[in-house]
Amino acid sequence: MAQMATAEPKKPRTPIESGAPDPMPLMHPLMRKNYGQWIYHDHPRPGVLMHRAKSGDEIWTVKAGTQRQMDVYTIRKLCDIADRYADGYVRFTARSNIEFMVADPAKVEPLIQALTEAGFPVGGTANSVSMIAHTQGWLHCDIPGTDASGVVKALMDELYDEFVKCEMPNRVKLSTSCCEINCGGQADIAIIVQHTKPPKINHDLVANVCERPAVVARCPVAAIRPALVNGKPSLEVDEKKCICCGACYPPCPPMQINDPEHSKLAIWVGGKNSNARGKPTFHKLVASGLPNNPPRWPEVAAVVKKILAVYKADARPWERMVDWIERIGWPRFFEKTGLPFTKYHIDDWRGARRTLNASAHIRF
Amino acid sequence: MAKELPETPLLDQLESGPWPSFVSGLKRLAKDNDMMADVLAHLETSYRTKKGYWKGGTVSVYGYGGGVIPRFTELKDENGKPLYPDAAEFHTFRVQPPAGMHYDTKTLRKLCDIWEKHGSGLIAFHGQSGDIMFQGIRTEKVQEAFDELNEAGFDLGGAGPALRTSMSCVGAARCELSCYDEQRALREVINSNLDDMHRPALPYKFKFKFSGCPNDCVNSIQRSDFATIGTWRDNIQVQNEYSRAYFKEHGMTDLVNDVVARCPTKAIRVMKKDEVKMEPQLSIAELDDELRLVIDNRDCVRCTHCLNVIRGGLLPGKERGVTILVGGKGVLKIGATMGTVIVPFMRLETDEDFEKLKELARNVLDFFAENALEHERIGETVDRIGLVNFLEALGLDVDPNMINEPRSNPYVRTDGWDQEAAKWIERRQREKQAA
Chain C
178 MAQMATAEPK
188 KPRTPIESGA
198 PDPMPLMHPL
208 MRKNYGQWIY
218 HDHPRPGVLM
228 HRAKSGDEIW
238 TVKAGTQRQM
248 DVYTIRKLCD
258 IADRYADGYV
268 RFTARSNIEF
278 MVADPAKVEP
288 LIQALTEAGF
298 PVGGTANSVS
308 MIAHTQGWLH
318 CDIPGTDASG
328 VVKALMDELY
338 DEFVKCEMPN
348 RVKLSTSCCE
358 INCGGQADIA
368 IIVQHTKPPK
378 INHDLVANVC
388 ERPAVVARCP
398 VAAIRPALVN
408 GKPSLEVDEK
418 KCICCGACYP
428 PCPPMQINDP
438 EHSKLAIWVG
448 GKNSNARGKP
458 TFHKLVASGL
468 PNNPPRWPEV
478 AAVVKKILAV
488 YKADARPWER
498 MVDWIERIGW
508 PRFFEKTGLP
518 FTKYHIDDWR
528 GARRTLNASA
538 HIRF
Chain V
11 MAKELPETPL
21 LDQLESGPWP
31 SFVSGLKRLA
41 KDNDMMADVL
51 AHLETSYRTK
61 KGYWKGGTVS
71 VYGYGGGVIP
81 RFTELKDENG
91 KPLYPDAAEF
101 HTFRVQPPAG
111 MHYDTKTLRK
121 LCDIWEKHGS
131 GLIAFHGQSG
141 DIMFQGIRTE
151 KVQEAFDELN
161 EAGFDLGGAG
171 PALRTSMSCV
181 GAARCELSCY
191 DEQRALREVI
201 NSNLDDMHRP
211 ALPYKFKFKF
221 SGCPNDCVNS
231 IQRSDFATIG
241 TWRDNIQVQN
251 EYSRAYFKEH
261 GMTDLVNDVV
271 ARCPTKAIRV
281 MKKDEVKMEP
291 QLSIAELDDE
301 LRLVIDNRDC
311 VRCTHCLNVI
321 RGGLLPGKER
331 GVTILVGGKG
341 VLKIGATMGT
351 VIVPFMRLET
361 DEDFEKLKEL
371 ARNVLDFFAE
381 NALEHERIGE
391 TVDRIGLVNF
401 LEALGLDVDP
411 NMINEPRSNP
421 YVRTDGWDQE
431 AAKWIERRQR
441 EKQAA
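Chains as they are written, first to last, in this note's numbering: chain C, 178 to 541; chain V, 11 to 445.
Note that these hints are calculated values from the structure, not bench results. Be aware that a few hints might be false.
[What the hints assert, rightly or not] As a list, the in silico SDA-like pairs of lysine to any residue whose alpha-carbon atoms are at most 25 Å apart:
| # | chain 1 | residue 1 | chain 2 | residue 2 |
| --- | --- | --- | --- | --- |
| 1 | C | K188 | V | E150 |
| 2 | V | K61 | V | D22 |
| 3 | C | K461 | V | N414 |
| 4 | C | K489 | V | N267 |
| 5 | C | K188 | V | N160 |
| 6 | V | K442 | V | V311 |
| 7 | V | K151 | C | R190 |
| 8 | C | K483 | V | V311 |
| 9 | V | K65 | C | C396 |
| 10 | C | K483 | C | R493 |
| 11 | C | K409 | C | P437 |
| 12 | V | K41 | C | G296 |
| 13 | C | K482 | C | R272 |
| 14 | C | K456 | V | G163 |
| 15 | V | K61 | C | L382 |
| 16 | C | K418 | V | E390 |
| 17 | C | K456 | V | N160 |
| 18 | V | K120 | C | Y250 |
| 19 | V | K343 | C | Y250 |
[What the hints assert, rightly or not] Residues from chain V shown here face chain C by an in silico Cβ test under 8 Å; the list is partial:
| # | residue |
| --- | --- |
| 20 | E17 |
| 21 | L20 |
| 22 | G27 |
| 23 | L53 |
| 24 | G62 |
| 25 | G75 |
| 26 | F100 |
| 27 | Q106 |
| 28 | L118 |
| 29 | Q145 |
| 30 | F164 |
| 31 | S176 |
For every residue, glycine included, the Cβ atom is placed at its ideal position computed from N, Cα and C.
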């Protein structure tokens, strides 16, 4: 016992700064063999892709949706399927779908069956509504206005058919974000928290928790200034200037922006990352004021489904959401979707005049 | 002895429906893991009150300053004791995935075993910056869990004002539109700048992303400070077997409506075989014995739409490389901005080419470190100082491919015009001679 008490503390281990691992040893051997030598792909059915290489080799991919936030039992189940029905290799897409690759086309059907039986929807390829890019929300984030995984689960339940069928005019990418920072990113349809009231400040805590000049500097509209409140150094917000963006909240948690009642959800459409046809575009605000209504957010789902239904019925082949709206114009977008057009749709941020109609081009 | 599962009437409603349920996963973990039982109760509270209850802090591993996202509960009783003590700490590891996100099952199982042993057993594949997110570990376990992950060949990603974890598309591994070795480019650039990832000391975050073609599947223009996008300089390649197959299946109406009419620069025409005059800038694809699809590559902007539609019939050219854009970012603070072109084209094939890319990446990082204001992204710096100052600092030449149109206002001092014009003329001559 005496020996243990005097033992040297264990020297900490120095990390191996290996960075991003080499994917080559982890890649399906047929992909490794034909690396950079692919010449064609086909989409024989939803959720399945066939790629052909110069060598004549063909590799078949089966894509399935996951819940992204996965317990080890789910991951092991996916591994079991990969070992038994595929060749023991998988990859994940940027939108948290999992892909199984097989060299033998005869393995495709049993693999699809195994995934379906285990509850993983096969789809998400080509003209489908893809899995929703999302964030952390109440599960793990320190500044969330809503949840992420739950919103996604609720919406994907509603959009399940569109994930497995690939019947849209072109790809549809969705995202959700739990605050206006928009970590979920740009999308054909994005669902983002929109605060409607200025932060409520806990003046007892500001001086101890916040670096006040840094908070002042974060505000996009210079609405925050240092102030003495009840004899304590704190911050105050010019509520007439405040745009309720919440940028002050991460560096200063006592500036509580999240509000169970007044933090709403907004819907944005027409973001596109691809350069195909037009240049990439940002999504635009179309609806707001939707309640933050867990556990299934039915009001949000209703608007998303309405927009998708109109797009599906009206857009021509290869038109992404933004291409379709460019053709039919915004007046008809609001008419067809039944969404109200308000003064809040008109941008007044810097450079906003570029978004106004400086022409006699009018739609009737 | 595992805790009893908490009552979660709201979360329970997310167990029905056809999409896989993360709630069922959390509950399965909670059977053997007290942290997850308390996390469920914690999350149920958020669903009931519509508020979040985690705050940040400082937790890291020996030798690194970033990569762990600390979370401490704010749900406490009147004595300051956590209401859910086993969820009092719920930290996340950000771990860099293999480039292209390829895994064999042996590796995935190993990651599961490590996280089951030290953490909650909850893993997200992947976060929005591309990290594998190992969610839920107590402070005292952080070092030993990291040591095991690190010994297994994995390294922490970025957090805070630092170089961030990167992403590349599937690219050369399984896509006919790949124009360079995306996975190599990612590893060359990121792994030579790890100091800026592991020891955060930049003005703010900095993200690189690598897409193999202009379809930009990893969203690099909108989501990264430095976007590397595959493209080609010569003519679109043709595989007649596949262009004929497309035409046979789809016919003239689809060809006109989906391909010809959707070309953004009207670079495509359908012509009779006898009308086509062979010219060096034309790509000519056979549709049948009579008709040809004719693309004038000088008018083409490499949008890639026609390659997407006529799969295999049209492929990127042989002279492949990348376009580089700088300044993409999200909302804070000036509003979302896209990256803009700083290098219209550079080859990316030889070791030398990759060295050049690494050098440019390092120079941009150095410029950012030295010149950006605190909490300013590089796009905001470029906004503040103007693109020309940024290009001059990096020693890059101006190019009309960097703009949509020249300026439309006269508010500029132009007394260096003659020298600048002479530079352009000399550069053009040099390029012509080289070609």
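Hints and how they fare:
With a CA separation close to 16 Å, the supplied pair C/K188 and V/E150 stays within the 25 Å bound. Between the alpha carbons of V/K61 and V/D22 the distance comes to roughly 18 Å, so the proposed pair stays at or under 25 Å and holds. For the proposed pair C/K461 and V/N414, the alpha carbon gap of about 21 Å is at most 25 Å, so the pair holds. A distance of roughly 18 Å separates the Cα atoms of C/K489 and V/N267; the hinted pair therefore holds under the 25 Å criterion.
The hinted pair formed by C/K188 and V/N160 meets the criterion: a straight-line CA distance of about 17 Å does not exceed 25 Å. Annotation: proposed proximity of V/K442 to V/V311 holds, straight-line Cα distance about 21 Å (limit 25 Å). Taking the CA atoms of V/K151 and C/R190, the gap is about 14 Å. The hint holds against a cut of 25 Å. For the proposed pair C/K483 and V/V311, the alpha carbon gap of about 35 Å is over 25 Å, so the pair is violated.
The hinted pair formed by V/K65 and C/C396 meets the criterion: a straight-line CA distance of about 21 Å does not exceed 25 Å. Annotation: proposed proximity of C/K483 to C/R493 holds, straight-line Cα distance about 17 Å (limit 25 Å). Pair hint C/K409 plus C/P437 does not hold up; C-alpha atoms about 28 Å apart against a cutoff of 25 Å. Restraint check for V/K41 and C/G296: the C-alpha separation of about 21 Å stays at or below 25 Å, so the hint holds.
Simply put, C/K482 and C/R272 have alpha-carbon atoms about 20 Å apart, close enough for the 25 Å limit, and the pair holds. Of the supplied pair hints, the one linking C/K456 and V/G163 is violated, its CA atoms being roughly 39 Å apart against a limit of 25 Å. At most 25 Å may separate the alpha-carbon atoms for a hinted pair to count; V/K61 and C/L382 meet this at roughly 19 Å. Of the pairs offered as hints, the one joining C/K418 and V/E390 holds, with about 22 Å between alpha carbons and a cut-off of 25 Å not exceeded.
Between C/K456 and V/N160, the direct Cα distance comes to roughly 41 Å. Violation of the 25 Å bound is thereby established for this hinted pair. Among the hinted pairs, V/K120 with C/Y250 is consistent with the structure: their alpha-carbon atoms are about 13 Å apart, no more than 25 Å. Proposed proximity of V/K343 and C/Y250 is contradicted: the alpha carbons are some 41 Å apart, above 25 Å. Of the supplied interface hints, the one on V/E17 is violated, with its beta-carbon coming no nearer than about 14 Å to a beta-carbon of chain C, more than 8 Å.
At a threshold of 8 Å, the smallest CB-CB gap from V/L20 to chain C is about 5 Å, leaving the interface hint in force. With 8 Å as the threshold, the beta carbon of V/G27 comes within range of chain C, its nearest partner Cβ sitting at about 3 Å, so the hint holds. With 8 Å as the threshold, the beta carbon of V/L53 comes within range of chain C, its nearest partner Cβ sitting at about 6 Å, so the hint holds. Hint status for V/G62 relative to chain C: holds, with the closest Cβ pair at about 4 Å, below 8 Å.
Annotation: V/G75 was flagged as interfacial toward chain C, and the flag is violated, the nearest CB pair being 12 Å apart, outside 8 Å. Below 8 Å, beta-carbon pairs count as interface contacts, and V/F100 has one with chain C at about 7 Å; its hint therefore holds. Below 8 Å, beta-carbon pairs count as interface contacts, and V/Q106 has one with chain C at about 5 Å; its hint therefore holds. Hint on V/L118 holds. Least Cβ distance to chain C is approximately 5 Å, under the 8 Å limit.
Residue-level restraint check for V/Q145 holds (minimum Cβ-Cβ distance to chain C is 6 Å; threshold 8 Å). For V/F164, the suggested interface contact is upheld, since its CB lies about 6 Å from the closest CB of chain C, less than 8 Å. A distance limit of 8 Å between C-beta atoms decides the matter here; for V/S176 the minimum to chain C is near 7 Å, and the interface restraint holds.
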